[in-house]
Each structure stands twice: as C-alpha cells, then as structure tokens.
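Undergrad: Here is what each chain is made of, one letter per residue.
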Amino acid sequence: MSAQEHNPLEGVPVPANAPAHGESIRIERPEPGLMRLVLDPPHRSLAVFDVPMLLDLDAAIAEVENEGSLRGLVISGADPLTFAGGADLEAIGKLKTPEAVGRYIAFGQALFQRIHKLSRSGGGTVMVVAAIGGPVPGGACEIALACDRIVMTRDDRSRIGLPEVKLGIVPGWGGCARLPRRVGVPAALGVIVPGKLVRARAALKMGMIDRVTPAEYLERVGADIAMGREKCARKTRGKWSWLIDKNPIALAVIERQAAKGILKATGGHYPAASIALDLVLRSPRQYLADALTEERRVNSTLATNPITKALIGIYEMTEFAKGLAKDHQGNKVEPFGRGAVVGAGIMGGAIASLMAERGMSMRLRDLSRDALDDAVRDHQGEVNKKRKRRHLKNHKANAAIDRLEVTTGPEGFGKCEIVIEAVAEVMKVKHIVLGEFAELLGPNAILATNTSSLSVAEMAQSLPNPGRVVGMHFFNPVRRMPLVEIVRGPQTTDETVRRIARLALDLGKTPVVVRDVPGFLVNRLLAPYLDEAVCLLEDGASPERVDRAMKQFGMPMGPFELLDEVGLDIAGHAGESMHRGYGERMTANKFLKPLVRSGDLGKKTGAGIFRYESGKKGRPKAAGLNPRLPSPNSTRAVSLSHNDIVDRLILAMVNEGARAMEERVAASPSELDLATIFGMGFAPFRGGLLAYADSRGPAKIVERLKRIATSPGVVSRPGGPERFDSAPLLLEVAEAGGTFHAS
Amino acid sequence: MSTQPEIVLAAGLRLPQARAGGAYKREDAGHLGAAVTRELMARTGLSPDAFDEVIAGCVGQPHDQANLARVVALRAGLPQATPAYTVARNCASGMEAVTSAVTQIMAGRGDTFLCLGIETMSAYPLLFNQKATDFFGRLAFSRSIGAKLGAITSWRPSMLAPRIALVEGLTDPTNDLIMGSTAENLARDFELSRLDADTYAAESHTRAAAARDAGRFAKEIMPYFPMGASKKQKALAADDSIRDGQSVEALAKLRPYFEKPDGVVTVGNACGITDGATALVVTTKQRALALGLKPLATIKSFAWAGCDPSRMGLGPVFATAKCLDQAGVTLDDVGPIELNEAFAVQVLACRKAFASDSFAQKHLGRSKAMGEVSLAQLNPNGGAIAIGHPVGATGARILLTSALELEAGDHELGLATLCIGGGQGGAVLLERCSA
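Protein sequence lines correspond, in order, to chains B and P. So the first sequence is numbered by the working numbering: it starts at 1 and just counts up by one. So the second sequence is numbered by the working numbering: it starts at 1 and just counts up by one.
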C-alpha cells in the first residue's frame with residue numbers, strides 16, 4: 001500500500017556512513033543445530049542499534065525463525081569485550097516528533113519480542129544465549145534480557161546496566177518490563193533509577209546475568225549452554241516474587257522510599273527517574289505486552305522534550321571531548337609514564353596524588369617539608385579510603401601509595417615527561433619555577449601550569465621551546481571537580497594539547513580547550529554571576545532567598561554558598577583581576593570588603609556570608625547568617641521576584657558567555673556549555689549556558705537585558721549598564737532570529 | 001684478582017632508622033624497600049632496567065611478602081623481567097646481599113645489582129602456641145556438632161600465652177642462648193665491667209648526635225614520611241633513637257636485662273630494636289662510570305667466618321682476619337672501622353681480641369695479635385647502640401656508612417664488619433675509589 005508500511009522506521013535518521021544491507025550482523029553456523037548472530041558493523045567500532053543494524057537484525061531473526069531443527073542461538077559482539085552500545089543516541093537526538101520516537105521504539109521492541117518468542121522462556125524451542133562483555137548499556141542490555149541466559153566476560157571492563165534515566169528517558173526496549181521480572185523490583189530500581197552500570201560480579205550476584213567466564217572461554221561457554229551441554233540454572237525470585245514484586249503493600253513502601261530519594265537527588269528537575277520508578281513498580285503485575293506498550297508511550301514524549309535533548313547533547317559533547325586526545329589518524333596519543341608537580345599546596349598535592357593513583361610515577365616538590373608531609377598524608381588517606389570501600393584492590397592501593405615520591409630538592413626530575421606547577425600565583429615565581437624545571441626536565445618535556453589567573457603566553461616567554469607550555473587548570477577540590485580547562489597559549493602546539501587532554505581523560509576529567517584570556521572560561525563567566533549576587537545583597541536581598549532561587553533554577557549550590565566555599569578573599573582577588581582584565585563591566589562590588597578585613601573569609605574560617613558550626617563528622621554546616629555581615633545600603637532588591645533574581649545572575653553570565661564566544665575562548669557553543677556544566681555545575685537539564693540562552697530565545701534575552709540595564713539597582717552603579725549592554729554576538733544572533741548553537 | 005673487574009659500591013641511600021613500634025609501626029617491608037629504591041633511582045637517574053638482578057637481605061620476612069626482594073622490585077617500578085631473590089644470614093643479611101652480588105659479578109653472571117637490607121621489626125608477629133594451634137586444628141577437623149562442642153570445651157586459658165617471634169628469633173636454637181646472654185659470656189671472658197660498657201654506649205650516642213648535627217648522615221639518609229602516620233607526625237629526617245646528652249650516669253641507673261642481678265648488659269648499652277631499609281648499587285667501576293655514577297668505594301675483599309655460637313660476638317675478629325689476609329693488608333693499614341654495635345661489651349671484646357697475642361695464637365692460627373684498634377677509628381659516627389639495629393638492614397647500612405666515611409674522613413681503606421647470631425662473622429674491606 002503506502003510507502004509508510006514498507007518503512008516502519010520512517011523519520012529515523014540513518015547514519016551518514018551506513019553500510020549495505022546484511023553487513024552489520026554476521027550469521028554463523030558453528031555446528032549443526034547452533035546459530036550465532038555476531039553484531040559487527042563495519043562503520044562503527046562499537047555496534048549501535050541504528051537503522052541498518054535494526055534492519056539487519058530483522059532479517060537475521062527471520063532467518064533464525066525459518067531455520068529447521070535449531071537447538072541453540074548465541075547472540076554476541078565482535079569480540080569478548082565488545083558487544084554493543086545501545087540505541088543510536090545521535091538519531092534519538094534528531095527525532096522531532098513523538099510518532100517517530102514511537103516507531104523507533106516499537107521496531108526494537110518487536111525485534112526483541114521475536115527473540116523472546118523463539119526462546120525457551122518465551123515458549124519457544126531454542127535456547128537463546130547472550131554471550132557478552134565489555135560495556136553493555138541500554139539497548140544492548142535489553143536485547144540480552146530478552147534471551148534465556150546471559151553469559152558475560154569476567155573483566156573489569158565488563159559492565160551491564162540501563163543508563164537511560166541519565167539521558168532523560170527510560171529504558172524502552174523492554175528494560176523496565178523485563179529487568180524487574182528477572183531480578184525483582186528492589187534490585188531493578190537500584191539499576192534503572194540511578195542509571196548505573198553494574199560490574200559483572202555484582203550483576204551475577206543479583207541475577208541480572210547467569211554466568212561469568214574468562215574472555216577466552218566466552219564463545220565456548222555460550223555455545224555449550226545454548227546446546228545444553230552445560231546446565232546453567234537461572235536464579236529465580238521464588239517466594240520473593242509474591243512477597244515483594246507482586247505485593248501491593250510492599251511496593252507502596254518501596255515507592256515512598258524511592259520517591260523521596262529521587263526528589264532529593266534530582267530536585268524534581270528530571271522527570272525520567274520518577275517515571276521509571278512507576279513503570280518498574282507496576283511491571284511485574286502486568287502482562288509483558290502491556291508493560292512494553294507503556295514503555296513506548298512514556299518514551300515517545302520523554303525523548304522529544306528539551307531535557308532529553310540537552311542531556312543527549314552533553315553525552316555527545318563528553319564523547320567529543322574524548323577525541324581531543326586523539327591525533328589526526330584517530331589514535332590516542334601516548335600517556336605520560338613519569339611526571340612532576342611543583343608546589344604541594346592543596347591543589348598541587350591533590351593533583352600529584354590523583355596522578356599517582358591513576359598509574360603515573362610521580363615526584364612532588366615543595367620547599368616546605370611540612371607541606372610535603374601533608375600531601376603524603378592526604379594521598380595515603382585518599383587511597384586508604386578507596387581501599388576500605390573496595391574501590392581499589394589492596395595491591396593497587398599499595399602501588400598508588402608507592403608511586404608518589406616527595407622532595408624538597410631539585411634532584412631526581414630527569415626522567416619526568418611533564419611538570420605541572422601549582423606554586424604561588426605570582427608571575428615572577430612562575431617564571432623562576434618553570435625556568436628551573438625547563439632545565440631539569442630537558443627540552444621535550446611538557447611544562448604545564450595550574451594557574452587560574454595568570455597568562456600562559458606570558459609564562460611561556462623566555463622559556464626554551466615555548467610550544468610545550470600549556471595551562472592545565474584544575475578546579476578545587478581536584479578530586480571532585482570533573483572539568484579541566486586546557487589553556488592554549490598562542491604558541492602551544494597541537495601535540496601538547498592532545499597529550500594534556502589524554503592526561504585529563506586518564507585522570508577521569510573532561511577537558512575543554514580554552515584560549516588564554518583573563519579568568520579563562522569558567523572563572524570569567526562566574527565573575528559577573530557572583531558579583532551580581534553581591535550587588536543584590538547590597539541592595540537588601542536575602543542571601544538565603546537568592547541561593548534558593550538559584551538552586552531551584554538548577555545550580556548545585558547558591559552563589560553565596562559558593563562564595564563561602566571558594567573564600568571571600570580569593571573571590572575578591574579574582575574579581576579585581578577580572579576588573580583589570582575586562583574593564584568597567586567587570587567592576588567588582590566592594591560590599592564584602594569589611595568581612596574580609598575582619599577575617600571572615602568563608603567556610604575555611606568558620607564564617608563568611610553564613611556562619612558555620614561543626615556538623616556531622618566535624619564538617620562545617622551553615623547555621624544562619626554571619627552577624628557581622630554589613631547591613632544593606634538600600635532596599636531596592638527586596639521586592640525582586642524569583643525570576644528577576646535568576647535573570648540578574650544568569651543573564652549577566654549569558655551576556656559574558658556571548659562575549660567569550662565572540663572571542664572564541666571556546667571553539668564552539670557546545671564546548672562552552674560543557675565547561676559551564678562540568679566547571680560550575682550549571683543545570684545539566686538545561687544543556688549548559690548557551691543552550692539555555694537558545695531555549696529562552698536570544699531576542700527575548702536582548703530585550704530583558706535592556707530592561708535590567710535600566711533598572712534602578714543597575715543603572716546608577718559603576719559598570720552596571722555596561723555589564724547588561726547586550727554583547728554584539730548576542731545582538732547579531734537575536735537579529736538573525738537564530739540561536740547560538742545553530743549559528 | 002688481576003683479571004677481575006674492579007667492583008664498586010656505586011650509589012647508596014637509606015631511610016632514617018626508627019625505633020620499633022614507633023614511627024614505622026604501620027609500615028610494611030615492601031613499602032620501605034620500594035620507597036628507598038624509588039628515591040635512589042630518582043637521585044641517580046638510573047633507568048629501571050639497569051639491573052641484572054635485585055638481592056634483598058631480610059631476617060624476618062613478612063609472612064605475606066614471601067621473597068621480599070621481588071615484592072620490592074615490582075613495587076619500586078623495576079621491570080618484571082628483572083629477577084630478584086632474598087637472602088638471609090641473620091644480622092648480616094644486608095651484607096650478604098652485597099657479597100652475593102660481588103660473587104655473581106666475579107662469576108661473570110651480570111654486572112649491575114641492586115642490593116637492599118630491609119627490616120621491619122615492628123611487624124614481627126605474636127604466634128599462637130602449640131596448644132592453641134592444636135586446638136584450632138581439632139576445631140577445624142571436627143565435623144558433627146557434638147565433635148565441635150567437644151573441641152570447644154578443650155579450650156584452656158594457657159592457650160592465650162603467645163610465642164613472641166622477636167624473642168624467639170633472637171635466641172640461638174642450638175644452645176638456647178638469647179643474644180644478650182652471649183654478650184654476657186664475652187664480658188666475663190674479657191673482664192669487661194658495667195662501666196666499660198656504659199662509657200662506650202654513651203660515646204656512641206655522642207658521636208651519632210655529632211654526625212647527625214654536622215650533616216654527615218644527611219649524605220646517606222632520605223627524609224621519609226611513613227605510612228599510617230598520626231595526625232601530628234612529621235617526616236623523619238634522622239635516626240630517631242639517638243639520645244642527645246646520653247650520660248654514663250643515666251645509663252648506670254638501668255638494670256641488667258639478661259642476667260639479673262650480676263650482668264653488665266642493659267637495654268642502654270645494647271643495640272635497639274629498630275626498623276630501617278638501605279639500598280646500594282653494586283656494579284663494576286667501568287659500568288658505574290658508564291651509567292654516570294661516581295662510585296663511593298671499591299670492594300677490595302670480603303670474608304665470612306664461623307665461631308663459637310655462644311660467643312658469636314667475636315665473629316668480626318675471625319672474619320676480619322680472613323678478609324685482610326685476602327687483600328694482603330694489615331689492621332694497621334685500615335682507617336675507619338664500622339664494627340656493628342650489637343652490644344657494647346661485644347665491641348669492646350672484639351677490640352681486646354684484635355690486640356691479644358694469646359687469642360691470635362689460640363683461635364686465628366697466628367703467632368702475634370692482629371693489632372690495636374683505636375677507639376677513635378672504631379665507629380666514628382656512632383653505631384647501632386645509638387642509631388639502632390634493624391637486623392637484616394644493618395649489614396647494608398654499615399657498608400654505606402663506611403663507604404661514605406672514606407671520602408668524609410679522607411681515608412684509603414675502611415672496614416665494615418659485624419657479628420652474626422649463630423656464631424659467624426662477616427667483613428668487607430672497602431677502598432677509596434680513584435675515579
């Protein structure tokens with residue numbers, strides 16, 4: 001009839017380099033009665049359920065269905081540590097209508113249902129075994145769940161799970177329907193709601209998979225189970241299924257607890273988690289087909305909403321960031337074997353510690369023996385904490401401790417391939433230190449600086465071979481903050497940037513390459529945001545209220561909490577250096593000066609904006625406002641609405657972001673967004689600073705900025721109108737009627 | 001030895017030695033060895049694959065680090081292809097590591113060795129006694145509940161009495177004498193008084209403190225921040241058992257430890273129970289220069305000798321006689337002598353034996369005494385009484401101290417020798433290296 005019936009995947013984007021029909025799946029017949037489907041598409045290193053794969057799977061299953069006298073079927077990946085990566089996120093990101101999403105989901109569900117129907121547990125006659133390994137997320141996990149048995153490679157890289165919730169959707173190819181049936185409701189919630197991947201051993205324990213085996217035996221064991229040569233019993237829920245999974249009372253208790261946890265973790269900004277909770281709770285009491293229908297219905301709306309688009313965008317950006325460590329041929333550059341850090345302060349010590357833990361032989365230098373002692377103590381403390389929590393095996397913890405050497409002297413650095421300096425933020429000191437280490441390390445070693453405020457170009461001056469000088473800006477606390485700004489000076493070579501990107505990734509950080517401008521990217525954007533908060537305080541706004549407004553917007557902490565965390569003195573210095581760097585629009589508010597003078601510097605001194613008491617485990621806990629906080633100079637901000645507050649702070653940042661974009665401080669709006677999300681925790685569901693601006697509409701923002709610029713709290717203030725004077729790029733985008741991301 | 005290559009101590013480094021149960025009480029031997037090795041590699045700039053083999057001396061190997069040498073080599077980042085073995089010759093284990101390397105080089109089986117002496121006496125265990133061991137055996141093998149109950153009721157409080165590995169390890173099983181008692185034998189044989197012993201002990205502390213303050217020890221020690229340090233603890237930069245202002249009067253107040261009330265050996269004039277680690281690079285002179293190292297000393301000769309186990313403290317005399325004969329020199333040619341201070345009376349007894357004609361005739365098969373050893377040349381930087389005796393590490397430690405003393409005191413020949421539980425002595429003659 002119509003063309004639509006011939007193409008059930010209409011409207012689902014096909015990858016540009018899609019292979020011909022039949023190339024994505026290999027069908028093998030290793031022995032009589034056994035078939036093997038190998039997902040091994042030529043256009044990807046890791047199979048993805050994109051359109052060509054789904055069509056090939058359709059054909060392959062048809063072939064299996066028509067095969068007479070088939071006893072066993074094995075579904076596996078290209079090798080024991082490669083299976084598949086789940087649904088085609090790139091395609092989902094481009095799906096415009098709920099109908100298209102529905103079609104994509106329905107097609108996959110139908111395929112997996114056909115596998116299920118073939119299988120013994122689905123009433124068929126074939127023993128279907130998923131022989132998998134490596135990361136098995138999302139759709140890859142779901143196809144396995146449709147099989148009779150799951151065998152997994154025993155390896156640290158083997159992880160299985162359903163991370164859909166992290167992308168704003170819920171498992172849609174039977175994950176919500178099948179996992180609770182397999183492992184019970186509580187365990188299924190523990191996997192689906194946080195969207196985490198589980199290690200093979202833990203998955204075996206909870207019954208998510210049925211067998212673990214070394215990579216070399218995976219193929220054999222898979223075939224043995226499929227052909228009935230090996231008995232592999234499946235864990236059943238037994239009475240627990242009736243006591244919990246199908247017991248409305250128990251489920252009501254679970255629901256209450258889980259809902260509370262979800263609200264606390266997401267602040268109500270991520271609906272997918274609550275929806276997944278609902279689906280999982282109901283699934284064991286439904287027919288499978290009904291449960292699948294619900295998954296499809298729910299996802300059709302979720303997948304097209306802006307939150308999912310934003311989260312998929314972030315996922316794609318982090319994938320892009322991984323490419324920064326690859327050369328033109330797509331090969332990862334060499335990692336460093338031995339490195340050095342100069343300056344054993346809080347930052348330097350933590351950087352050296354993290355590098356040692358991640359496998360590098362490290363030498364840390366400081367002139368003060370006491371600073372070194374503290375660094376070693378902290379290093380051993382961090383490693384031992386991980387040892388205790390079993391995040392590090394005993395021997396790996398020992399090795400991590402062994403790998404950190406410390407010294408006060410200049411000897412022993414000859415074999416270091418990189419030095420990261422984290423000494424005092426004084427250009428003269430930096431020059432001396434880098435000059436000395438340029439000599440100690442030889443002409444090819446990379447000289448990196450962890451400066452947050454000084455110019456990398458100026459530091460590179462007078463150093464031999466300046467192409468290897470680069471900024472590697474970690475954020476405090478080093479172990480927790482996921483962003484590293486790679487500051488590229490005018491002479492920094494591509495190779496240097498790639499190697500630093502590799503290092504950042506190896507340390508578990510996301511790198512963003514930025515230009516060498518004052519404050520680089522994140523601190524530059526934070527400056528007007530934090531300063532605007534102080535202006536509101538000066539005009540009578542309550543700090544608690546401002547913090548609350550910003551948290552509701554989706555920031556991880558309010559601006560005043562952040563100021564106390566950073567330290568009012570440090571924030572003050574940063575503000576002044578921004579003022580020097582950018583002129584009037586960055587004029588720093590002096591309202592908090594008296595606090596700094598009286599020694600109330602924030603959390604570290606027990607009082608800043610807020611007063612701190614010692615809470616759990618002696619950690620400081622906010623306990624009301626600091627009584628020494630200066631009284632406001634006016635009451636202009638008292639009557640501002642929540643939205644007014646948010647706009648004052650966020651649009652000041654958006655405007656500065658537009659200027660940074662214009663100066664190409666980051667290479668693309670996406671990278672700028674990534675930096676805001678990982679560097680300041682900018683609400684991920686909003687997709688980052690410029691994505692947020694795009695969703696508000698640049699033209700509307702221009703208008704709003706105009707009004708703010710002339711509002712009483714801003715117009716009379718030095719630098720106020722300049723700060724809210726729309727940036728040329730913003731005006732340009734607004735006039736064109738476009739968005740940052742589209743231009 | 002004309003065709004033999006010149007074998008040298010090419011580099012060396014040690015950790016500060018710490019009283020057992022003190023600064024290093026949470027340390028393990030593998031970490032101590034890895035730390036000193038890493039620092040030595042960093043300072044010398046040696047490449048990790050420079051070594052033919054790693055040899056470590058240790059008396060009480062941790063039960064969970066069998067073949068300690070291999071554990072240390074891997075934890076220090078040496079290649080997996082570099083083999084490693086652990087040697088034990090009681091108190092001379094660290095020296096045995098070096099002489100093993102020398103022997104291998106002389107035999108043409110490699111030319112570059114990393115030699116270590118490591119001991120964590122803090123970690124010596126308490127053991128279940130035999131009765132308790134049997135009890136646990138019964139419990140493990142009883143199958144039925146009745147048998148288990150029966151086994152449990154056989155428990156007796158006496159099973160709680162532990163066997164102390166430290167004490168039993170320092171006791172000679174062939175004569176049941178603890179080391180201190182062998183020293184008391186020497187005090188009687190050589191008519192040494194309590195005052196002699198205390199005077200010597202006080203001098204050891206004085207010399208060690210002076211050497212520390214003059215920066216002499218800084219040449220061999222790397223400052224070290226131990227694992228599991230308490231909140232207030234700081235890095236150790238010097239041996240922590242040196243007592244400033246130790247006096248004969250203060251020492252006189254201590255009670256004899258091994259033989260009460262008439263003995264002369266007290267905890268004050270005996271060496272301390274200590275943790276420590278020393279690493280040395282042993283290679284040929286040619287190779288050392290090729291590696292860019294400035295050799296510390298040439299190993300001119302070495303010897304091992306046996307003697308009466310109940311007078312094991314005289315071991316250095318027997319070994320030194322052999323060692324000097326091999327090199328064709330006399331005691332008068334030797335400058336500084338590192339004679340390990342297991343006990344003050346034992347050092348003094350050796351000194352008397354060196355100078356005694358009758359001892360020489362009776363035990364050494366010589367007509368005349370070997371010669372006088374002046375107190376000034378004997379342990380010029382103090383010894384184990386002040387800085388401790390981590391048993392398996394000391395042999396390597398005195399070699400390092402001795403080698404550095406040649407340059408520091410402008411001497412040609414130096415001797416490092418020690419007594420060994422079980423009745424042995426070891427001696428190594430070092431010569432200043434003309435590089």
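The hints are simulated quantities; they were obtained by calculation from the structure and are not laboratory data. Be aware that one or more of the hints could be misleading.
Cut-off 27 Å, straight-line C-alpha distance, at most; resulting in silico cross-link-like pairs (DSS-like, lysine-lysine) [as the list claims (entries may be wrong)]:
hint	chain 1	residue 1	chain 2	residue 2
1	P	K232	B	K621
2	B	K386	P	K25
3	B	K616	B	K593
4	B	K603	P	K219
5	B	K396	B	K332
6	B	K603	P	K25
7	B	K388	B	K196
8	B	K393	P	K231
9	B	K396	P	K219
10	B	K700	P	K232
11	P	K219	B	K415
12	P	K219	B	K388
13	B	K617	P	K219
14	B	K385	P	K25
15	B	K590	B	K415
16	B	K386	P	K219
17	B	K616	P	K294
18	P	K234	B	K235
19	P	K131	B	K616
20	P	K234	B	K385
21	P	K25	B	K396
No experiment lies behind these values; they were computed from the predicted model shown.
Undergrad: Please go over all the hints and tell whether each is borne out by the structure.
TA: Results for each hint:
| no. | hint | in the structure |
| --- | --- | --- |
| 1 | K232(P) / K621(B) | 25 Å, holds |
| 2 | K386(B) / K25(P) | 22 Å, holds |
| 3 | K616(B) / K593(B) | 31 Å, violated |
| 4 | K603(B) / K219(P) | 44 Å, violated |
| 5 | K396(B) / K332(B) | 24 Å, holds |
| 6 | K603(B) / K25(P) | 35 Å, violated |
| 7 | K388(B) / K196(B) | 22 Å, holds |
| 8 | K393(B) / K231(P) | 25 Å, holds |
| 9 | K396(B) / K219(P) | 32 Å, violated |
| 10 | K700(B) / K232(P) | 59 Å, violated |
| 11 | K219(P) / K415(B) | 22 Å, holds |
| 12 | K219(P) / K388(B) | 38 Å, violated |
| 13 | K617(B) / K219(P) | 43 Å, violated |
| 14 | K385(B) / K25(P) | 19 Å, holds |
| 15 | K590(B) / K415(B) | 48 Å, violated |
| 16 | K386(B) / K219(P) | 37 Å, violated |
| 17 | K616(B) / K294(P) | 56 Å, violated |
| 18 | K234(P) / K235(B) | 54 Å, violated |
| 19 | K131(P) / K616(B) | 48 Å, violated |
| 20 | K234(P) / K385(B) | 21 Å, holds |
| 21 | K25(P) / K396(B) | 21 Å, holds |
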